[in-house]
Amino acid sequence: MFDFFGDFPSFAPPATPPPLAFNSNSNCISARWTIENYQTTAPKRFSIQFDSTTYQFRFQQPQPQYLTISIESREKSIINQVFFIELILHSQDPLKTITIYSPFLLKSSDQQSIIETLIPSSDLEFYSWDGNLVIDIRFSDAQFESIGLPLLSPNSIPKILKPLKYAGIFNQGSTCYMNSILQSLFHLPVFRNNIYITQSPGRITTELQRLFGFLQSSNKPVSTRGLTQAFGWNDARTFQQHDAQEFYNKLIDMVIEESPIKQNYKTLFYGKWCKLIQCKNINYSTQNYEDFDDLQMQVRGCLDLYTSFKQFTEPQILEGNNQYMTPMGKQDAFVKTYFVSLPPILNIHLQRFIYNSKTRNKEKVNDRFEFPSNLDLTAFSATPNAQYTLCSVLVHCGSTTNGHYLAYIKPTPEESWYEFNDSNVTQCSEKNAVSDNYGGTSSSAYMLVYVQNIKLFEIFSEVSIPTHVSELLKNAIPFKTQAPKEIPCRSISLFTEDCYRQMVLMGADNYDFINFPPKIEIPEKSTIYDLYNDVSTFLDRPVDGILIWKVSTLYMPTLLLPNGPGKIPKDDTYFIQFVTDYMKPMISLINSKKNIIVVFLKFFFSRATPQVQFLGSTLANVYQPVSQLLPVIYGILGGTNDLPVNVYYDGLGFSKKITDIEQSLLYYQINDSSSILFEPYDQSFMPTSFKIESCTQHHICINYYSMLRPYGDKNAEEYLERQKCQLAIDFCQVTEPNTVVVTCVAPETMIVTELPQLILFALNEQQHSNINLNTNATTNTVVQVFRRQTNSDLPEIMPYHLRNDITLKNLFVSEFRKVSAYKSLRLFFDVIQGYTEKQLKMMVFRVIDVYDSLIHFVKRIRIPMRLDEDISCILQHVNQLNVLDGHIRVLLNINDEILKVPDQSDYFDESTVFRVEKIPQDQIYLGSNSFLLTTSVYKSNKKIDMKTPIHMFLLRIVMGENLTHIKIRLGEIEFASKEIIENSLFFINSKQLNDNTIISYEANQNSTLKVFLGSEKKSTTKNKKEPKPKQKNEFFPEFEDSLKFFM
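Be aware that the sequence shown starts at 1, since it is given in full-length UniProt numbering, and climbs by one per residue.
Since the hints were made in silico from the structure, they are not lab data. Everything numeric in this text was worked out from a predicted model, so none of it was measured.
Distance condition first, Cα-Cα at most 16 Å in a straight line; then the derived EDC-like pairs of lysine to aspartate or glutamate:
1) K602 x D498
2) K859 x E736
3) K570 x E524
4) K967 x D995
5) K900 x D849
6) K336 x E290
Throw the hints in and build the complete structure from the sequences for me.
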């Protein structure tokens, strides 16, 4: 016995650790891991390696601030297999000894699984044995019953078994974009504090206070139902997919608008840049300052974030037709952008989405793009303190039409990274958060949040929940946390008056639709009444301020949809007309009487650029005189009620002057969706209230007549005359055939030998960033033109021979849709600088398709080579272009049947397309037990499709392995899901293979493995009836330019 009120007896800790706690047997492998001198070498990665008969594993300490056990596999054959590990971290005090039982699952993405954060490094002193840590580890790949635990399925394996420190957010249907942004903002304590301290907040801020309070006070997932209701969203709205960056901008604007402390937010997020313009030949310069709250950085064509910043800030030359206008006239000048001040919180939006004019939709840029954990922008800023630390990475997985958002966040600078995937929160490594999201696959970083180093302490200072927010939490009505059943939706394109305005400004309003409209998602069972409500919310206009029309093949209105309970037609595009006071008396007569038509109004300004401006559309009675449209024109232009004008009927492919404006519209055969052009007698007339607009289209539409007459047309008659027989031609680089560089409008009588001159003129006008055109070296610049292949949208391999007796009409004779309405046609070009025509005749162009993996096509390049250079020189030329890193090889595609390394026995000419690709890691050193087999992948439905394969590559085959193992290796290439591959058909030499078939080298070295893709099992789950949408979204109008939508 000892005296409780006296001294405790002395405790003598053991001098050495206890013996190894586990014994190895046939099912388990055990070992002791001793980390020596952990205090002095904490930042290093310690490891121990186990060798079993089949697998090798490594246990590491990736984070210096925590002792973390991770497992890394060197064998890819164990993907999705469950293993078990037991760990004992010994302490000199037996009460502090830690024992952990942990099942885990290795995935194919990184072959790494974090098992457990044992303890913060600051507490490791209690586990020190003379400066060493001692951990006993038992590992098993056998049935868990052998060690007393049940076998678990892969789907039940958590990444971290201890209680989560941070809470997730439930996905209401398709709100992952919102959840990722909210988590990123919540984990900026200074932003959270500004939300908390807002007095008398609006509805949005109140719900953010409530949401942030729940996230801070609980580790269980929370609901955003209150916030979406404050936005004015119904359940159907939560299934509409949106872009995370657009939601972020809209949310910040809404918070600032409601907040009485607006400057607090602007101080956090806003920086300032300056655009400096300095003339070359005179002493004149200007500086334009502009605030920004996020930076949109280019991904395509940039290796990393620093390259993108360099491209953003490097000087550009304004010369030729792009000279800078000064009080002394047009001058050559330099323009440079630099940062005057940088914000404490820097939001960077990576431009992962571009417009594809072929499909008229956005497409995702999956190029690899690196970004650092520590960003130094000193070289790009005029102020010091430009060093930043990465705190959040928002990732988009998928495509433009279907995808998912998640966020990787470092809650404090001292903590580990965490993955926030809706309601699931897991700890992860820095590799998972950063380098794994560089891209190269469909999963890549989309938004980055950096915090200024000198502001780290201020921004991440601990924030407590104020009393008034705690009261909100007490009085909160709990929402149901289960995710609602998915409501089937359909996509609808909205062809608005703004779309038509851009077509007019491009001079292409008489051609097929070349602009892309915004889109919305609506439930399939929506009524016309619901459609009117959704469109009015999206466009931020009252319901009675719009009319929705069915459209013709040329996107012109034909039939009005009356607002009511009727069913929405199956069309996927509708014209949205904006209602004016002049139109209101006629709306009720539209469908009851056939004499009400839609008329588009245009005006010719002799001194404007562009000269023809779109004034809007209106309703008119075919029996009314043309003169009754003049008050509408005067009202739009402002400042005049008696302006004398010429009036022209601008029809599709023809036009005529209206000589008597007191005659009716019907008299001049002006029918539905016609355009009327007005021209003032006074050529110097300019409007007082109407704003002259320029084309803001993604690619500029250049007019052939701009090259001949840079000052425009003399009058409206001249404009209309040349509009009659014109073609709209999309020009694409031959190496990027799906990206329109510029659209040109040219007469069908133009001689094709003028095409190079037109292309150079258009490139100079547009100043295309990816084509560094030296305008002073036109004598050493050759433009080659390529036609489209007969049954493909790709260019022909050989350039088109331009002749003086061929017109554009002859060139495109097989592609005309109608005589009066031409589709936007397409040509391809290549600009070769530094060579003359004579020099090029002494060279041969090698066409090369570049792949950075077995299936990922990067781009097509054309390399001019001397006639005395053989095929072995191709690699040398490709290496000089720096398009690929690592080991690369040249392959020859023989009749879409065999891929092989070309040799002297192969025949090829200038039309041959070579393939240069990065060699996969498992094919660099094959050894004697492996060989490469050409593999072709085909689409397959009910009938076998023997056309051109969708993928073709060389697959490593191991001697003696059967088709089951080959399927596993094909699944790692990720061209289809494992279920699809499992259900696919496999053939060699017309013989179908089964899972036990072994492919031998002797019999199949010159054969092709053909894979006809199967299908996934269809879900039989029936969708529940969706709730009826509300009439109006009062507090959160939809995004103005929401062109891409995601889950």
